[in-house]
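Number of protein chains: 2
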Amino acid sequence: MMSEKTYVFHFQDGDGDNKALLGGKGAGLCKMAQMGLPVPPGFTISTDVCSYFNDNNHFYPKELNNQVNKNLLKLEDEMGAKFGNAKNPLLVSVRSGAAISMPGMMDTVLNLGLNDETIKGFISITGNARFAYDCYRRFVSMYGDVVLDVKAEGKDDIDPFEEILEKKKAEKGVAKDNELQSDDLKELVAEFKKKIKDRLNIDFPEDPMEQLWGAIGAVFGSWDNERANAYRKLNSIPDDMGTAVNIQSMVFGNMGDDCATGVAFTRNPANGENFLYGEYLINAQGEDVVAGTRTPQPINKTQKTRDDQVTLEKAMPESYKELEKIRNILETNYSDMQDMEFTIQKNKLFMLQTRSGKRTAFAALKIAVDMVNEGLIDTKEAILRIEPAQLNQFLRPTFDYIKKQEAIDAGKLLTKGLNAGPGAATGQVVFNAPDAEEWATRVQSVILVRIETSPEDIKGMNAASGILTARGGMTSHAALVARQMGKVCVAGCGALEINYKARQMKVGDTIIKEGDWITLDGTTGEVIAGKIDTQPSQIIRVLIEGSLKPEDSPLYQDYSKLIKWANEHRRLHIHTNADTPQQCLEAIKLGSEGVGLCRTEHMFFEGDRINSVREMILADNIEGKEKALAKLLPMQKEDFKGIFSVMDGKPVTIRTLDPPLHEFLPQNNKDIEIVARELGVSVDTIKTKISFLHETNPMLGHRGCRLGIVFPEITKMQARAIIEAACEIAKEGKKVMPEIMIPLVGDVNELKNQKAVIQNVAKEVMERLDISIDYKIGTMIEVPRCALTADHVAREADFFSFGTNDLTQTVYGISRDDSAKFLEAYIDESIWENDPFEKLDQEGVGFLIKTAVEKGRSIKPDLSIGICGEHGGEPSSVEFCHRIGLNYVSCSAFRIPIAILSAAQANLKD
Amino acid sequence: MMSEKTYVFHFQDGDGDNKALLGGKGAGLCKMAQMGLPVPPGFTISTDVCSYFNDNNHFYPKELNNQVNKNLLKLEDEMGAKFGNAKNPLLVSVRSGAAISMPGMMDTVLNLGLNDETIKGFISITGNARFAYDCYRRFVSMYGDVVLDVKAEGKDDIDPFEEILEKKKAEKGVAKDNELQSDDLKELVAEFKKKIKDRLNIDFPEDPMEQLWGAIGAVFGSWDNERANAYRKLNSIPDDMGTAVNIQSMVFGNMGDDCATGVAFTRNPANGENFLYGEYLINAQGEDVVAGTRTPQPINKTQKTRDDQVTLEKAMPESYKELEKIRNILETNYSDMQDMEFTIQKNKLFMLQTRSGKRTAFAALKIAVDMVNEGLIDTKEAILRIEPAQLNQFLRPTFDYIKKQEAIDAGKLLTKGLNAGPGAATGQVVFNAPDAEEWATRVQSVILVRIETSPEDIKGMNAASGILTARGGMTSHAALVARQMGKVCVAGCGALEINYKARQMKVGDTIIKEGDWITLDGTTGEVIAGKIDTQPSQIIRVLIEGSLKPEDSPLYQDYSKLIKWANEHRRLHIHTNADTPQQCLEAIKLGSEGVGLCRTEHMFFEGDRINSVREMILADNIEGKEKALAKLLPMQKEDFKGIFSVMDGKPVTIRTLDPPLHEFLPQNNKDIEIVARELGVSVDTIKTKISFLHETNPMLGHRGCRLGIVFPEITKMQARAIIEAACEIAKEGKKVMPEIMIPLVGDVNELKNQKAVIQNVAKEVMERLDISIDYKIGTMIEVPRCALTADHVAREADFFSFGTNDLTQTVYGISRDDSAKFLEAYIDESIWENDPFEKLDQEGVGFLIKTAVEKGRSIKPDLSIGICGEHGGEPSSVEFCHRIGLNYVSCSAFRIPIAILSAAQANLKD
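Protein chains in written order, with my numbering: chain A, 1 to 910; chain B, 1 to 910.
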């Protein structure tokens, strides 16, 4: 007989390291149980079942029923209670838990096992009818909502159970839920059940086993709900991972004042400080903390901000001490900061969850560096601990603090909330997520203001610069999501009176209307009326502006350690896309080892150069063109001298003219008239030229090397500027390493043609200036044909550089300018997992790049190859470049730290 | 001792089949000499020396001098004369001869060996001082021109030797060269030599060996002259083949009236009739025939057109009989029609050249078929004898070519464009499509002239006899549609200045107004003012119009034999690109075995359907779109029924909607107003939609399957029309084989998405109609990513079809609409050998196609794969498709015969 596949794992048996099988929550519970920590007994149904369930029309594997029953029996044994027993009923929670945390996205059912029979036993065991009925009515409404899908219908409707509850409170003349008496709650149970009957024409299931399977199915089904799908898309979580289901005996934080529930981090998730950090509520269930209906209390004195706050440390010192102990055990075991959920039932602490804690970039950095200092992890592990994209936050602007102080002094401080997502944000107020999305397309910056946020708001949150909520704590939905997105967030601002309908909010006497500017300081929790300018980050101030001393910035010290470690562990070189000496200087300070892409045409727009460019374009004959180019020559040369000087011997890759010439001509009648006057030509001349240069598909038109081939005089001028600049700098005794890059090559003959032009100029210049310098001539690979014939191209090229932006456009046959009309449908329909212009498409574009690398190196084994498209600063793309053996990636200056860290991670993962 | 490499071959020794080594002329002379035909003795210096000479700075291999000397001695022996001997001088000719004939491109020197000493002996041997001095003066001027490069300087100068000659004639009071007396000619020799001295400050070389090496060097050098290079480029002859040099003892056709020289073909090169065909001149040198200074006489009575003509047959019957004998010997030996040069010296016939004769398409066909009948060649050889592209000529209307030449001679040639749609068309000019339709109802024939055409113009194009455009290349809209319709088209005539408003165009100083007659030669690209009569092709009259009986057309009889033989020898299937039942019918008659590409959108323009299409585009909601689509459904269904019916079980590949929606909207204000009125919407509504749909790069925009994904209702309607049509035809008891093709797929998920839409519709339709039919769903591969991920795509696709037009655009990153600005430079600079939109680029695009075929078949070994781009009717591309193992090529109907023949040739060459 074949051994049966195991789908259900008792917490004492499951492999706590196998999150793929047990989900994050399940694995954590197993691990904690097996460490001997106080975990309420239970078991996990594996993620395999979720996949089976969703692939097989919501059927389960045939073995499942039996395995659940066996584990349930064991649980009954452990708890000394019986599921469905009228005297001594076992109550369980049914919770989702995927391998990658998706907070709040999927469903949970608590207090399952209650019915009109078992409630009696539950009352007698707890000796608290009010509590018992409170659990019951919570269970019925939760089950009605989650499993039976009895919800508000449409956005103007309200939750049907909420409606009944509110009516009941009004009827009883009470304001708060906990003022309702046991009989009131009992009535609620009956009214809730009736509502369900009215809506669905079915009776509420009284059989606990039916309840259990209903809840299991709902949790597995919730993997596929709209908000979970949206969340996965946003976070690039594969759709086929599935969730596990955790069935656990209930513990109660809401049995009285010797009970509590809370969430804690082993270190501060906002700034990384090495203290237990968290919040809790006395006499509450976990959902109360997350939902933000009551504002939680700080867990210990390090977090206390007001005198009226009561910490857990003070209120329940024994439980607090045990939590501190558990914190140490978990950090030692996991070597990472943990995010824990706990419940205290009658002064006994239970652990309900542990997982790697989400943290801000600032906290991630500090924790990683601290843990190296503490000996918990090594530098390699520290490198792997930071999401490269997070480094971006260190380079972001913060407030001009003087201006902020002035605003505060001027009475602009509206209120203060929780500093849920650090950073500075200023923008125009909107009151719902769709508006945030829409406004963001047309104004500089928006702040999304909500009473509290929900998973439906995710896209709007993503579009906003900052998020402000009236309710909810540091672990509310708004806070969690904002931190993960790197968004500024101030949460739980109780002073805000938000009126969605009127599209305004009131703070004291101040009214803020939709469209008004406000400013959030996510680091302090301050909410300020009006717009406040921002200023560069500390890292930028230290590295680039020099306005802050390194020793005055602990952040910089941690940051520079991390970058140093990453530099020691990477193989890829990091170059930058920069067009001016100033940009080059900044890039070097951020760690660049060369210029991977200098776009000469960007220089064409500076000052009045554009006039010479236009004169060149408008010239009818070669003499006229050369005359105009002669005016440009000294200017381009000075630019290159500046760049060579700054780069001081590091390679500088300069691309010859790329864009179609019509891009340099004025676009509208007014500008045409101005230019006509300035150049002393007729308006008609310019219009005729514009019409002559018009292209149906400019992206595929007369640009790149196609310009230099038809107008070799342009290439000559640029070659002259580059080589003269290099020679003059070399004469000053400095090193120079110019690399001239020919764009848009599709045939080796194009490269040959331009190479000959450049070599002739170079020879002439070097003879005239009586100096010889080394220079390279290579090609940008940005059309498929160049990649497909890379072996031929390699015979003429000193280097390759993939222009992955255009290469992605041509490989897909998609114009980035025109993709908006179908991009959303493509993501919604799961046709694309990612926008290929953000993350390099490894399957198609990447395969072509790999082919080209192999073909190129088959001819020249040492051929230097890099990429210079936007993907050069995107972590997964950098990893790909490392894996296929490129020499460097080149990206914009502010992405260099990301590229450095990504390159190190790629090498360490190798 | 290593054996020395042989560079020089005596005519009795050289391998007459090795044209690569000996050149065409040298090989022919060797072969004839070795057959015992009367060839003046001589030897050939191989093409190897040419390559050496041009690669080594004009130095020769060291062995050469010795080998030439040895062969010269042997020649002296054979001729009983001595090179440079004052009494009995040997005179030779020095002629070029490459492997592929380049008539008139390279240099020749005759009478070499004459100097002031040898002239005496030459006079005494010939007994004719006038003749001897005539030879001498010809030699000096020819040597001065060819070897010493004494020529007219600039275009206003005249030839310096010609100038002296004319002066001499004037001085002597004579009109013709042959009226000059021996002393006059002697004076000319001296004056020519003085001219050379004046120009170059060198003495004319008197040493015959110096003369010989000078001539050899000049011939080898002439391989690299400007006109030879241009000719090779034009005819795709590789630059590294090189020419041989033939040194041959002189014979003279100009020694008196018992001498003659001529050129003859073994069969008539114009119509293929099996008679000796040629022309000759009494008392003349070969150059006189070619130069056209005297009008040659017909060689025999079959060619005699006037009574005053004297045939060779009559004038020199013995020589003529010998020539007839030689004609038979040569045809038997070569099994092909030969082009011969001969000279008769004092009634003795000498053969100076034989080579395969150039011939018209009509002659090629007749000769090939006749030779099979005569048992000279087999059918395989006959198939290989016809240039596939020539078949086109049989399907096109033809001119009365004498009248056309008269028109050109009368200065009526306006300009030349691309020969985009071959054939002859003459008609009255109109400048827009509606006018073309309207005029066609009341005048004999119209020519539609547009700057460029768009899908809106289709009906007008159909009504016109010919289409002329100012912009666009060989695969522009005009060219593609014209070829599919079998229309004459001249495209991309940059010289036309078209003024729609004034209803006229300007070419140089000529103004052509609406209603004026013009004539297009779509085979040459010539545009001619005025009317030239045309006549329809015999093949079309027999096959398609039925207006000519097969037995009344010998051309048709030969043609149908060739096509039958080709069909027996090909492996590739030939499909057609056709959009209407009528086109399908014509394609079948021309040999099509299926429809490879039916573009559904072409049907959208018929009748008032376009209004429903526009209604669909303008609809704001899905209901409105579906309502408009419902109107289109029955019309599309009828089209498909017609096509299925005609195709009678042959596969029909139907592409779902491809072009961006803006192509269906009106372009200018007037049309917008009309459409607004017709559809009952506001002008603003249409303008807003046009502006919304505007694209920066429409080629890379919202088109292809991207439309069907965003608007699944369109795919649904089309799937419904196809499946319902197929089911209804199947119910009539006919066979149907619909293949639905999804365009522009770049990711397998796109195909999956559209496949699901189609399968759902198909299931519903088949259930409703209670019939089950087979159908396939496949993809067009026209963006590189689809090819690069063809293994993934193959899992979902029933077939692949390469859309090589768009694939070429995306692989090169070139918009064919915009390539005109650099295309010319690319051909001039030899960056491209061919326009990749005409001949499939095998190195880049072809490599990608090959990769995709391998990837696709790695998943589905029997995957059916074809191409449906314009390359499907281009011979070298068809051969490539055969070689990489495709199942079929699909091309427009009129290219089917070309494809059939190319496919057979590819298979025979395999």
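Hints are computed from structural coordinates only; laboratory data are not their basis. Careful, some of the hints might be misleading.
[What the hints assert, rightly or not] Simulated DEER-style distance windows between Cβ atoms: (1) B:624 to A:694: 32 to 40 Å; (2) A:200 to B:694: 45 to 53 Å; (3) A:171 to B:684: 42 to 50 Å; (4) B:57 to A:564: 54 to 62 Å.
Every residue gets a Cβ at the ideal spot worked out from N, C-alpha and C, and that includes glycine.
Verification of the supplied hints:
For residue 624 (chain B) and residue 694 (chain A), the hinted distance range of 32 to 40 Å is satisfied, since their beta carbons lie about 34 Å from each other. Taken as a hint, the range 45 to 53 Å holds for the pair residue 200 (chain A) and residue 694 (chain B), whose Cβ atoms sit roughly 50 Å apart. Remark: the range hint 42 to 50 Å for residue 171 (chain A) to residue 684 (chain B) is contradicted by a beta-carbon distance near 56 Å. For the pair residue 57 (chain B) and residue 564 (chain A), the beta carbons lie near 59 Å from each other, so the given range of 54 to 62 Å is met.
Going down the numbered hints, you'll see the structure goes against just number 3.
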